[in-house]
Amino acid sequence: MTVVLDSVTKSFGDLKVLHELDLEVGDGEFLVLLGASGSGKSTALRMIAGLETVTQGRISISGRDVTNELPKYRDVAMVFQSYALYPHKTVAENIGYPLKIRRLGKSEIESQVREVAEQVQLADLLDRYPSQLSGGQRQRVALARAMVRRPAVFLMDEPLSNLDAKLRGHMRAELKHMQHELGITTIYVTHDQVEAMTLAHRVALLEEGKLQQLAAPKRIYNDPENLFVAQFIGSPPMNLVRGGLDSGIFAFGETQVATKHEGSCRSAVLGLRAEDCEVVDPQSGKLQAKLYANELIGDHVLVTAKAETGMFSIKAPKDFEAKMDSNIGIDFDLSKLFLFDDSTGARIR
Amino acid sequence: MNHAAMPNRTVLQKLFERPSIHTMAPATKIAVYGILLFWTAFVVFPIYWLLITSFKEAADVNGGPVFLPWIDFEPSLHAWKELFVFDYKDTLKAYVNSIIIALSSTLLSILIGSMAAYALARIEYKPKFGTIVLFVACMVGAVVAIARLGADLWPTLAAALGVFYFLARVLSRHFKLTVGNGDILFWMISQRILAPIVVVVPIYMMFQSVRLLDTHIAIILTYSVVNLPIVVWLMYDFFKSIPIDLEESAQLDGASRLMVFWDIVLPLSKTGLAATTLLVMILAWNEYLLALFLSTSRAQTMPILVAAMNAGERGILWWSMSVVIIVMIIPVVLMAIILQRFIARGLLLGAVKG
Amino acid sequence: MNFATRFSEWLDRHSGRLFITPAVVMILVFSIFPLVASLIIAFSRIRLRAGSYQVRWVGLRNFEKQIFGSEQFHFLGTFAPISAAGWILAIGATAGILWWLFRYASRRFTIVGFIGRLITAAFGIGLAFLFAATLFSGKPFGTLGVTLFYVFIGCGIQFVIGLGLAFLCTQPVRGRNIFRVVFFVPLMITPIGVGYAFRMIADTTKGPFSPLWQWVGLGEYSWAADAWAARIFIVVGDSWQWIPFIFVVLLAALENVPRDFVEAAEVDGASGWEIFRDVTWPQILPVAATVMLIRVIEAFKIVDLPNIMTSGGPGIATESMTLHSLFAWRALDLGQSAAVAYLLLFVTVVVCVSFFNLVVLGRIRKS
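These protein sequence lines are chains A, B and C, in that order.
One rule links them: number in the working numbering = place in the first sequence (from 1) + 7.
One rule links them: number in the working numbering = place in the second sequence (from 1) + 2.
Numbering follows the working numbering, in which position 16 of the third sequence is assigned residue number 5; successive positions increment by one, without gaps.
It is possible that some hints are incorrect.
Stated by the list, open to error - EDC-like, lysine to aspartate or glutamate: derived pairs with alpha carbons at most 16 Å apart: (1) A/Lys79 - C/Glu263; (2) C/Lys195 - B/Glu59; (3) A/Lys79 - C/Glu(-2); (4) A/Lys267 - A/Asp340; (5) A/Lys107 - B/Asp265; (6) A/Lys297 - A/Glu285; (7) A/Lys79 - B/Glu250; (8) B/Lys83 - B/Glu59; (9) C/Lys195 - B/Asp74; (10) A/Lys96 - B/Asp265; (11) A/Lys79 - B/Asp154.
Claimed, not checked - Using C-beta positions, here's what the derived DEER-type ranges look like: (12) A/Asp340 - B/Ile125: 57 to 63 Å; (13) B/Leu268 - C/Asn(-9): 25 to 31 Å; (14) C/Gly102 - A/Ser350: 46 to 52 Å; (15) B/Glu59 - A/Tyr136: 58 to 64 Å; (16) C/Asn(-9) - A/Glu188: 34 to 40 Å; (17) B/Ile125 - A/Asp13: 25 to 31 Å; (18) C/Asn(-9) - B/Asp216: 44 to 50 Å; (19) B/Asp216 - C/Ala84: 53 to 59 Å; (20) C/Glu244 - A/Asp306: 49 to 55 Å; (21) C/Val18 - B/Ile339: 35 to 41 Å; (22) B/Phe69 - C/Gly261: 36 to 42 Å.
Claimed, not checked - Covered by chain C, according to a simulated footprint, are these stretches of chain B (three or more residues, beta-carbon under 8 Å): (23) 65 to 71; (24) 202 to 216.
These are computed hints drawn from the structure, not numbers from a lab.
Every residue, glycine too, gets a C-beta built ideally from N, C-alpha and C.
One chain only, chain A, in its complex shape:
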């Protein structure tokens, strides 16, 4: 089932939280709406659910215009950040509630609840109350309650952010597998780029109510559309050097770097991912810096260095060792750098 947003705008009084958002979600697609808090991603999701009214534009689900429909006629199921489990109902009653509202028979509800519960490994816990469950189990109940209706679209509002780090990783994999198996169109809101990159077929990155880029995770990482996307995606964030671009030569301070780009730009930004940089001996390499801190992450050492142009993050091999405040040089692969126009944020290709 497809979901189409056609230049949807949302304002609260004078405050415009969403600017003409265009979005097309294909059948069975897993789309992630990614953004910081206040970017409008939750508002967009709640408008698809029908929990917020639309100021301007149209929303259609499965080809049917639902812009002014009540939530219950949209055939969408939602998993809330808080899970929204009814504390006074058992797990079975929670999962069965959507069916009860549809006035299904008792035995039918029971068999469907059991079926779904087995899918998410909750069959033993059906008589418990939500307060007696662990975080992960509650999460699964919320999921089961959404699944039991076989809706046209799943909507998920940060469903994993209340779990601890370890469980989150586990549930992420489970969620991805489940969505693949059910094949139901899913729109998923998160502020966590790792979740977005790992789960999504496509990621829509929002900032201040505007769509920044809509692309597959790989593309959004390797080919960011603008400065904001480049900075938002990736951990640690991309290193930035401000300077000027003159017919392919990027100049900052005394240093000049020849790039493969041809254009000119008075104030440009050069972006480099930490894994594309390398620590070399002092006085060699393209940049001189002082070591600020080095942290052993496991498979690599994250080096933070203080250069004239600002802080720099570099992923060094795991056997890297150096003293604090010692001088180092930084080198990087010219083919892997990104260039942006500092005034507009647009990529210089």
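Starting from the known structure of chain A, arrange chains B and C on it as the hints suggest.
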């Protein structure tokens, strides 16, 4: 580093300084327990006096104070017997009246009040200011017509409502200014400021004109409205504290407003409902002034019965009166003792947010 | 769609109105409509006939009678020339109130705020002069003064004792739970019962303290015949009943004060009193202001206790305004009854709105 020296304490310091953080200084301890015990005595004594008076003979009461049964005086059950065996009819009737009225009016005000409170907590209302002014104007017109021109009560009211409906249909498009939920809420709660004495005479006349004076219905309806502000206020805060996710989730699953209210909201508000119910029930049980106006004999409630015992031929029969008062307060005091914490929490909820 | 579904659809679509309509209609019928009708009655003279009544419009004459006419002694009190001390008091109070008004006007100024404060100020000045001309000159108060006495003195005492008891109950005291249950009980007892119980206890010849009275030589003294003793006894009975309410709410508020704050102050070396003043008190202030507002609203309605304990006597010394109105109704003088009731409403609204705006909202704004 510099350690503060532990001083050697003098006797006086020992008396006034706490030996550890979880205990009081000896002097404070004496004062605190003294005050608390004094207050306990002050609270308990009137109740105790009522209790022993109910077991006294006339001679025990009139001959000066006696305090301890079996020591000072011989307790007798004559007042209790008189009430329960010989003269039970009036008391029983008033008791039953009181129970019926307290229960029904509480039920009604809880139902109506919590529905309104929920609506104000969750649904956005934008009534137009002009429509409200129009309505008040029609009402004033009707009342003036009734009072000054001698028009009949009910036809005039119906006519005024009709005029209002017609004018509202025609004019409402031109009204721009709206009021919000907060204003409606304030309006409802502020009804509590209204002293009952201000409205009781017209209410009396209203019930008289439909021949409902001295009936349960009249008192039940009046009590429900008087207690409505309390219900709306306490329950509004309670409903606001329920996570809205739960209701939105149910809505997405296809539940109607009524189902959300009945299936999700009310079961989650049990504690708030219990506290509010108890409070409203006690207020209805003890109410005096309105019942004084609205009941004469058939629908007489306990407070009226007790108050009327003032005027006897032989002076006040303190022993009989004590029995009736004790019978009247026993159920409430028992409930209060059991649910004391509950009520405090319910009251606080309203008070904190105000 | 069949009928049942259509009906439930209709219900759902109109649920907004359906939820709130019953409450609105109830309030309109039993509160607003009578309020308007009562105002008409206050402007009329009504004669009850068999089965019906005759209404005659008399304009403001009912109010005039209460404030300037033959009922003045009853409502406002008996006037006497203001003595020198009375002038000093009244002018001092006026100056204070005007200074407060001036300070407001010179700092921040909104028209609505100023008009509201102007009404409060006029009310305060009027009360100061009334007090100087009646009680302070040795003449009795009317029902207005008595009601305000019950409200301000009664509520003040109740607040101080209620807060004190609540504070003691948060201390490490043994049997705390028993104390709190016992202290709570009077609230549940019907005011009529309270009235009779206190009448028995206060009896100087047959009551429990009569030996004590005899010993101090007041055996023949009847408190019910002394205006001040009677008023004070009613305040005592009222306080006995209502301190529990303030106690319970403030106790809950005190227990809600985060432990961290108190412990931080404790570590910083603050004394018990300093902790209360600087940490606990600001935390419970909003609750305290609200609970006092509720209490003041209810206190204005006082009728049961004076009616039972003294029937308003001696003379009119303990008569509250509600009782005043009730007696007028008993005398079938509906117009006067409604006029007094409306005056009560006016006083209540001025006091409560002033309190709400200046204390409750003021505190909320500050915090």
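Cross-check of the supplied hints:
1. Simply put, A/Lys79 and C/Glu263 have alpha-carbon atoms about 57 Å apart, too far for the 16 Å limit, and the pair is violated.
2. Of the pairs offered as hints, the one joining C/Lys195 and B/Glu59 holds, with about 14 Å between alpha carbons and a cut-off of 16 Å not exceeded.
3. For the proposed pair A/Lys79 and C/Glu(-2), the alpha carbon gap of about 12 Å is at most 16 Å, so the pair holds.
4. This hinted pair checks out: A/Lys267 and A/Asp340 have alpha carbons roughly 12 Å apart, not beyond 16 Å.
5. Straight-line distance between C-alpha atoms of A/Lys107 and B/Asp265 comes to about 11 Å, which keeps the hinted pair within the 16 Å bound.
6. A threshold of 16 Å between alpha carbons decides the hint, and for A/Lys297 with A/Glu285 the separation of about 14 Å falls inside it, so the pair holds.
7. The hinted pair formed by A/Lys79 and B/Glu250 meets the criterion: a straight-line CA distance of about 10 Å does not exceed 16 Å.
8. Note on B/Lys83 and B/Glu59: the hinted pairing holds, with a Cα-Cα distance of about 12 Å set against a maximum of 16 Å.
9. With a C-alpha separation of about 14 Å, the suggested pair C/Lys195 and B/Asp74 falls inside the 16 Å cut-off, and the hint holds.
10. For the suggested pair A/Lys96 and B/Asp265, the alpha carbons sit about 10 Å apart, so the restraint of at most 16 Å is met.
11. This hinted pair does not check out: A/Lys79 and B/Asp154 have alpha carbons roughly 49 Å apart, beyond 16 Å.
12. In this structure, A/Asp340 and B/Ile125 meet the distance hint of 57 to 63 Å, their C-beta atoms being roughly 60 Å apart.
13. A beta carbon spacing of about 28 Å between B/Leu268 and C/Asn(-9) agrees with the range 25 to 31 Å that was offered as a hint.
14. Take C/Gly102 and A/Ser350: their Cβ atoms lie about 48 Å apart, and the range 46 to 52 Å holds.
15. Restraint check, B/Glu59 to A/Tyr136: a C-beta distance of roughly 59 Å satisfies the suggested window 58 to 64 Å.
16. For C/Asn(-9) and A/Glu188, the hinted distance range of 34 to 40 Å is satisfied, since their beta carbons lie about 38 Å from each other.
17. Our hint of 25 to 31 Å for B/Ile125 and A/Asp13 holds, since their Cβ atoms are close to 29 Å apart.
18. Judged by the Cβ atoms, the range 44 to 50 Å given for C/Asn(-9) and B/Asp216 holds: they are separated by roughly 46 Å.
19. The beta-carbon spacing between B/Asp216 and C/Ala84, approximately 55 Å, falls within the hinted interval of 53 to 59 Å.
20. The hint said 49 to 55 Å for the Cβ distance between C/Glu244 and A/Asp306, and at roughly 52 Å that hint holds.
21. For C/Val18 and B/Ile339, the Cβ-Cβ distance of about 37 Å falls inside the hinted range of 35 to 41 Å, so the restraint holds.
22. One distance hint, 36 to 42 Å for the beta-carbon pair B/Phe69 and C/Gly261, holds here, with the actual separation near 38 Å.
23. With 4 residues having a beta carbon nearer than 8 Å to a beta carbon of chain C, the stretch 65 to 71 of chain B meets the requirement of three or more and the stated coverage holds.
24. Counting residues of the stretch 202 to 216 of chain B whose beta carbon lies closer than 8 Å to any beta carbon of chain C gives 6, which reaches the threshold of three, so the coverage claim holds.
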